[in-house]
Amino acid sequence: MIRVVAFLSIICFLIACEPGNIEELPMVHPKLAVFGDPEPGSPWLVSVSHTIPMFTRTFGPEGVSDATVKIFEGDQLIEQLTCDCHFNDTVSKFKGITNGPVIGHTYRVEVAAGGYETATAHYTQPPIVEIEDFTFEITGIQRSDPNSYIYSVSKTVAIEVTFTDPPGENYYNIALTSRSRKDPSKEDSGFIFLHSDLFEYQTSETQQGQFIDDKNFEGKRVTLKFSTQLRANIFLPLPGQDPAKRDTFATPYLTFSLRNVAKELHEYNRFATSKVTFAPDAEPYLYSTNIENGIGIFAGFSASKRELEYGPF
Amino acid sequence: MPTAQVKAIPAIMGEVDLFKALQLLPGVSGGAEGSSNLLVRGGNPDQTLVLMDGATVYNPTHLYGFFSTFNTNAINNIELVKGGFPARYGGRISGIVDITQKEGNMNKFAGEASLGLVASRLLLEGPIWKNRTSFMVSGRVGYLNLFRGPVELRAGSGYTDQYKFYDINAKINHRINKSNRIYSSLYSGQDVGSFLYSQADVDSIGSQQQAKTTTENNIIQWRNTVGSIRWNHEIDKKLFFNVTAFTTIYNLKIEDINNTRIDYLPDGEVKDSYFHYAYTSSINDVGLKVDFDLIPNISHYIRFGASATSHRFTPGVAVIKSSDPALIPGINNSDTYTNEASVYIEDDFSITNSMKVNLGIHGVAYRVGSKTYFGAQPRLSLRHSISKDMSLKVSYAYMQQYLHMLSNSGTGLPIDFWVPVTEKIKPQASHQVSIGAARIINNKIEVSVEAYYKKMQNLLEYKQGASYMDAIQPWYTKVEQGQGRAYGAEVLVQKKIGRLNGWAGYTLSWNQRQFDNLNHGNWYYYRYDHRHDLKITASYEINKRWDASATFIYATGNAVTLGYERAPFSPYISSSPGTDFMHTVLNESRNNFRMPAYHRLDLSASYNFSMWNAKHRATLSIYNVYDRLNAFYIDVDIYRVVPQIKTVSYFPILPSFSYSIKF
Chain A
1 MIRVVAFLSI ICFLIACEPG NIEELPMVHP KLAVFGDPEP GSPWLVSVSH TIPMFTRTFG
61 PEGVSDATVK IFEGDQLIEQ LTCDCHFNDT VSKFKGITNG PVIGHTYRVE VAAGGYETAT
121 AHYTQPPIVE IEDFTFEITG IQRSDPNSYI YSVSKTVAIE VTFTDPPGEN YYNIALTSRS
181 RKDPSKEDSG FIFLHSDLFE YQTSETQQGQ FIDDKNFEGK RVTLKFSTQL RANIFLPLPG
241 QDPAKRDTFA TPYLTFSLRN VAKELHEYNR FATSKVTFAP DAEPYLYSTN IENGIGIFAG
301 FSASKRELEY GPF
Chain B
1001 MPTAQVKAIP AIMGEVDLFK ALQLLPGVSG GAEGSSNLLV RGGNPDQTLV LMDGATVYNP
1061 THLYGFFSTF NTNAINNIEL VKGGFPARYG GRISGIVDIT QKEGNMNKFA GEASLGLVAS
1121 RLLLEGPIWK NRTSFMVSGR VGYLNLFRGP VELRAGSGYT DQYKFYDINA KINHRINKSN
1181 RIYSSLYSGQ DVGSFLYSQA DVDSIGSQQQ AKTTTENNII QWRNTVGSIR WNHEIDKKLF
1241 FNVTAFTTIY NLKIEDINNT RIDYLPDGEV KDSYFHYAYT SSINDVGLKV DFDLIPNISH
1301 YIRFGASATS HRFTPGVAVI KSSDPALIPG INNSDTYTNE ASVYIEDDFS ITNSMKVNLG
1361 IHGVAYRVGS KTYFGAQPRL SLRHSISKDM SLKVSYAYMQ QYLHMLSNSG TGLPIDFWVP
1421 VTEKIKPQAS HQVSIGAARI INNKIEVSVE AYYKKMQNLL EYKQGASYMD AIQPWYTKVE
1481 QGQGRAYGAE VLVQKKIGRL NGWAGYTLSW NQRQFDNLNH GNWYYYRYDH RHDLKITASY
1541 EINKRWDASA TFIYATGNAV TLGYERAPFS PYISSSPGTD FMHTVLNESR NNFRMPAYHR
1601 LDLSASYNFS MWNAKHRATL SIYNVYDRLN AFYIDVDIYR VVPQIKTVSY FPILPSFSYS
1661 IKF
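Going line by line, the protein sequences match chains A and B. 1 is the number of the first residue of the first sequence in our numbering; add one for each residue after it. 1001 is the number of the first residue of the second sequence in our numbering; add one for each residue after it.
Be a bit skeptical, because a hint or two may be false.
As the list claims (entries may be wrong) - Lysine to any residue pairs mimicking SDA-like chemistry, simulated, CA-CA at most 25 Å apart:
| no. | chain 1 | residue 1 | chain 2 | residue 2 |
| --- | --- | --- | --- | --- |
| 1 | B | K1646 | A | I174 |
| 2 | A | K263 | B | K1646 |
| 3 | B | K1478 | A | I174 |
| 4 | B | K1371 | B | I1425 |
Since the hints were derived computationally from the structure, they do not count as laboratory data.
Chain B on its own, in the form it takes in the complex (with noise of 0.2 Å):
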């Protein structure tokens, strides 16, 4: 997807982003309402890696997963992979997505900047040495905090949140001869929310006052530095090679302090009494791979490699300090180091002038404690062209994941924390299969039909009753493992060029889960499961100054579990009197209901202009523009004489302003 394109899409709050755009290609979703998560044919948020310049970004978002952390103006190259994942591709088991940066202007300094109404970005590139050695630098700052912290305070609830991040993308290429070329890049990014609530009273105990003064402060904060260094080397017209060493730091922090302060009046007296909460969990990788790509002939185009990955994990480490010392200190889910050693090998070759195939095989030794995991992953994809203008494709591919993401609120917040396989939490496999057909139209529409089978194995979910937030239990004694199917059709209709130009993506999908502890072990839909996902998007080239764009979405609403009525309990059945029962809500069957479905339509139009040697563009976006209420929870509403759903929406209409300058 070219990032043109990604830029002509709508922009909530002015915005711009990645993932809300490959969100409208068909097969991939965000899940909830503003997530910008990316659940490609069925599979979890998890499931789909996320490389920048080479190296894994674990959690790639900003504001609470509103925002992916990938500033727009600083990527070259976005390429995302459904099926028939190439050999080179691994530890993921559903999607791919591989980011470029820009390599910086090598002839002449440029610079790209925009303001908007939550974050604005500045981007510099230019040479260092004429034609051997440019940069590129680009830095984004959020500001949520400037508008919404002063209005809370100012309407005196008690309550004021904060919100700040800020990434910056840096790169530097460096040409040492013909054959020589070393790549350095580097990305960090941090997000830090906060919510305190402050209030202060006056009680009288019989005749004696006291002043009560309390605290809270719950903050979240995390972040994700990402470093590469590559060398290219051409050793003659057909091999050449890439040798990166890359290395990506995740960290996660959510505290909760709270203190209180009592004065008593008049004696003077002053009883202070505190509880801190606080909770980490982080990644650290380390590794290196090479890469080569031989062309011994023009039939034959391989590409082999090997690379070397060490983890750290911290699953989870919570630290409780209080005033009182009868509550538990908290938990230490200790340190996991673990080893991943992968090689692959793969053959893009033609069979007959109308048959190509991409043939490989990824294999990788992953080791944990005193026990190691081989993989051997083939993959295989076929194409053949009938005519000059279509085109089938057929695809295996046998995919494996050695880390998972455990989530309780699937929304995309980092409270869904990554923990490793361990000696006895396997790895998640996949097994995919698709079938396509492609073909143009008058040489201006593409059209292109694909249908897929997926077979998921040792998914990892919560347990029944488990809660994240439940600082005894180590994680892994709260999972359990399973298995998914996901199934289904995609359809895209794409026209790319003319004033006029977009795609229509839809898919019709199945999608399913299996424990053998949840559901009574019986299959149950995914939270996630969309029966019909349909996205439009088009721009339209009015004339030279003015441009827009429009973008529909609809998709079934995800799957809740919902009680209607409730049922007596009891955990002592013969042997009490009868007090013990109680009411609790009978749950029947997992993800039971359906949320409303969802649709919003966005626009905006763009005014383009040219003034003081630079390139201006000033631009409208309306979100939501028939203000969709669309649900991203539910709720039931007690206080009707009949229970009625209530649905709770964070996105109504929302109108934005931005402004961009490129010189």
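Extracted from the complex, chain A is given alone in its bound form (with noise of 0.2 Å):
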């Protein structure tokens, strides 16, 4: 009898050594979010913003004003970034005027300001990879009743492109944006879908693209297929107005991209594209950072092109 209740005390003074419940989450020191993803031959830009606790009543994030951006290549102040900041910016946008980051060089960001830790992040920039061949070609086109007064036009697209995957790991963003003709500084992102039996589980069908890695064709030159749906609003004119007044939405400057991605960029864009088609019972997604002492992304990307004109529809 004497053993088990030793055994009992032993197993309840174990159990006291266990930390008692807490019922207030955890207070954190807010911490700086750090946003870049450069390219070759665009000048550095860099958002910062800042964490606040989980329950703080805010419309949305706010900027950093007051930061201290600067960018490093090994120990060398490369350049330090001015604040092209407004009054309400939900994040400080800090510009560089040189070209930005030079392929298969290591950057390192250091962002300070009171309050705050220094953050800091660093990433070699990618190489492009070329693209080889690349085909684009309408295989449907389905029209809504041409007497209603809105008149759509949707067309089937199929695309090819060949690129041979540089040695080692490497993770591309392939997308396909739109810009208007009537102002062709403003771009929108366009969907598109990847059909390949390479990647039967890992396709994602985003705004931003498809984010994919090369583990099924690492080293390799390949062909992948994808295939998208061109949609056009068509305004005809209403009775007693200008028939030339007719108004098309049709986006006629396309520009297809294959954007070898740092990993880290890589991670955080999978991250950041899946939050939004987040559902109320999905899995937690952790957020992906590569920021010390801080969160967001400063990771680059250098891309292959091609411009497309089409249309009118």
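Hints given; two lone chains; assemble the complex.
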């Protein structure tokens, strides 16, 4: 009996060593949020914001305009970015004037601001993977009733792209973006659907295109097939209006991009685009970041592009 | 575990439950509060094989996973294996529960009936042909709807929930002659739960009035049917065999039926709209197995056999019918047909007078699509008696499992559905080693200590952000495979004889998982990682009429993922002017937060008496005596200045009464 009592006493002691129930959320110190996805040929651009405690009442992120943002290569300062700040910015944009990153070089960002720990991150600029062959073919057209006021046209497009995957791990973002003929500086994203047996288990269909790794074609020349729908709503002139007023929302300028992205950016993109399709019962998604003492992403991509023009509808 | 011991444990809502009793053993837990899952030594809920008379039962629960399907009145024997698996068992990697139904009384008619708050049961058994053929039939009916539905209707909430379940166990045992016997057994059970909502409003839009009637009915139902026929033949005193044909059918259906009718007054124009969603999932097994027992001499007991099973999985078919033609019609995860063949041989033999060994191998060939998986699973357990009162044991087992359960809630709800291995989704496997010692003190108290280490491979989890409700993506595009490890030590102190009997079980354990694409590829604690797990149960016979029992449970809280802050993010970093940045919960690691520890005390007292040639027993039970509000899940109370974690509990103090009669 003494042994039994001793055994139960030991167990009670072990149980008593457990931490007590936590009834309040642990208070955490806000961290800097840093975002940058540099591309060769484009000036450095880093956005800065910060985290907030779980249920602070605020409409959205706020910028940190008094931050100091520096870009280093090794220990050498390349450029200190200046804030292009405006009142009520959701994030503070810090811009550079040089031509941004060079392929194969490793860069570090350092962001300091009063009240926050200094946030840093580094990455190596990936090489461009050239598009070797590219086809863009309209395979079908669907039209709505041409007598209705809104006349819609939908075109099915088949795309094939061929490239050679460089040795080592590579990550790709394959996207189709469109620009308005009226305002070519305005860029929107189009859906692109990947059809390939190679990606049976990892396709994701998002407005930011496809995010894939090279596990299924590492170091090989590969041809990937895509299809997409190009849609236009054509507003017919109302009775009495000039027939030339027929308006179209067709998007004549298209850009197909094969982006070789840094691994860190690939992980972040997968996180950020998955959040868009958040479902209430969904499994938790961990925030993907490469920022030390902060959150966000600082990692680049290098793109090979094909400009396309089609239309009018 | 004898069924008498199960029945002595305090019952919740008057319903004695087999799996709740097994959860009181060290190394076994149910996971979430109220769940009837059996998680054995850090395993997942799907890793415990549940056999009834040799046939697999896939979802052995009633009442949203709260009760197990097994009617204790109909059970003859229960065997639980946690480690040192004999080679005759296969198909799961963490535990085996082998249940044998009663065979029926060959000599006289007998029966047992009981009345509880949520269910009542009746068992009848007796000879059909005296000393040759016997039967046992038992039924249970749940009637939670008798109380809840009318109460909610009267409350005028617009909601009504209805719930009913039943199960039937039957067995026929026929002795053909001295060396041949036939056993036929059947189990069938069904649950149907529905939540009905209806609302009628009259709105005015300008000068026009419209009467709007909305009805929504959410229905969940699942059914298990398990049947087997066994021929037992004794070739001679040293060799006999059993040939068993078995079938298992499991069906799940979840429906959402939504109808809206708008009457435009006074025009009389009527507009109807509807949305019907139906999700079905099923498994059908048909199989045949033969098991030989050979006893060549006093030192050897050899078992060998083979089995073949054909499985048909329908992992999930969602059908959407709607008055809105723009809605997608759903998804059809097409049927998967798989075939499984297995062989085994094991020998229980003595090396010396004090050392016994069980050595065996279990081989499997599993065909799915154009791929065949082969597995050779060696098993070894060794027992050494140091003295009359003390023994040591060591075991190793390699186990494989050719199906997975996709678990979103982990509560044992039937929405955790079964999927087979595929050409790309590999079978689960585990290596387990254990070492232990057992001692009997004063011929009264048994003390055993056992340590184990289990490594698990090819476990299945939903991908980050995946949702089981997503009707567009097939299941296999939403999953990840990874590994797990569980290790710890168990202590069991048990007293089986005397007026006071019972046991105390304690487990100290660690339980972790690792998936390349979850938790940034780092190891994390499994949801049911319980560092400490203590269970004490005791029964005391006060006198011939009165007896009492008590159970106390303590377990470390479950691990859940909780973000403490919000962080900005955007899918467009450089291309947008900044307005696309939004806030999201900053989850930095998986299962980073511990729910409060779980503890509970249950008490019961029974009064036994004889009347009308029958034994009567009236039992008063109190579940959760000190009304501990154990967390079922946690939420964050946003209406406080300082946000607080709010624990949501479903099981406060629950007194209940049951009455049984045995004749």
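Status of each hint after checking the structure:
1. B/K1646 <-> A/I174: violated, 44 Å
2. A/K263 <-> B/K1646: Given that 25 Å is the threshold and the Cα spacing comes to 38 Å, the pair is violated.
3. B/K1478 <-> A/I174: Judged against 25 Å, a Cα distance of about 21 Å means the pair holds.
4. B/K1371 <-> B/I1425: holds, 11 Å
Of the hints listed earlier, those the structure fails to meet are numbers 1, 2, in rising order.
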